[in-house]
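Starting from the known structure of chain B, arrange chain Y on it as the hints suggest.
Residue numbers (this note's numbering), protein chains in the order written: chain B, 1 to 128; chain Y, 129 to 263.
A portion of the hints provided could be inaccurate.
Unchecked claim - Within a straight-line C-alpha distance of at most 27 Å, the following computed BS3-like cross-link-like pairs (lysine-lysine) qualify:
#, chain 1, residue 1, chain 2, residue 2
1, Y, LYS204, Y, LYS256
2, B, LYS74, Y, LYS215
3, Y, LYS215, B, LYS57
4, Y, LYS256, B, LYS56
5, B, LYS64, Y, LYS215
6, B, LYS74, Y, LYS204
7, B, LYS71, B, LYS56
Just so you know, the hints here were simulated from the structure itself, not pulled from any lab data.
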Amino acid sequence: MFWAFMYWYFLGGGAAGISAGVLTPGAVEELSDRVAIVVEDPVRADAALSTLADLKKNAVAFEKTFAASGKAVKRSYRDHGADRAEIEAVLEQLNRDWERGQERALDLRFELREQLTREEWNALYSAE
Amino acid sequence: MKSSAGLSLTTVTTLVVVLLASCATLKQSPDPGKVQAQIAEARAQELELVRATVTDPARAERLLELLAERDRLVEKHARFLTAHRQKIAVLAADYDARREDFEVLLADFNRQRAAAQKETIDLVADMKATTTADE
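So that you can see chain B by itself, here it is in the shape it has in the complex (with noise of 0.2 Å):
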């Protein structure tokens, strides 16, 4: 019963929650789109979409691994007599690998920044 309060909160914040804030699929997929309107030269752009289908990648990798340990905690504490530490062996693997997500988005991202010229990396978010 307490399943939907573990899921959204306290791992994480759901779906949105998934990369900090870095990325999620759908934000790597509107930055996609954007990258084809604002850079126009073809090299460049077609480096950053590259780039972006990396992170897309990354995350939708992640959020396979989220779902996954989502699982193992709803299994723990639908039992009433399950052991907390193996709830905590799960979460404590899905930290190491939220972190390894993280490192990965922020290599990316700082990859992206170094194909995009300054104007064309603040048209890209004033479009937001």
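Just chain Y now, with coordinates in the frame of chain B:
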């Protein structure tokens, strides 16, 4: 009965989420007054369900205290998440933002999340200890 109890307990949390989310964005904001009224109604149903399901009055009262603590935890963490997302959105849009700036915010996010996970595990352990497996 079990499924309706689960639904009610989930409803309170979901409504708090909706209300707090509406504070974070001007887009698609629900009517806060209406959501507050829904929260109050769901909480009343929750109270009724706990009293109907947990037959021992002392344990029922204890469970209600724990549910109130749950609400406080949800609201505290939701407010943190809302503030965090606003900060990181500003940073993400800043061409001159440094990696260290992101790392500081993410480290804080990770610490807060881990603390919230621990608080929740403790709370749910207390809830399990307060109820029987059948309840």
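A quick look at each hint next to the structure:
1. Y:LYS204 x Y:LYS256: holds (23 Å)
2. B:LYS74 x Y:LYS215: Distance ~31 Å between B:LYS74 and Y:LYS215 Cα, so the pair is violated.
3. Y:LYS215 x B:LYS57: Distance ~24 Å between Y:LYS215 and B:LYS57 Cα, so the pair holds.
4. Y:LYS256 x B:LYS56: violated (39 Å)
5. B:LYS64 x Y:LYS215: Judged against 27 Å, a Cα distance of about 26 Å means the pair holds.
6. B:LYS74 x Y:LYS204: holds (22 Å)
7. B:LYS71 x B:LYS56: holds (23 Å)
Checked against the numbered hints given earlier, the structure breaks hints 2, 4 and satisfies all the rest.
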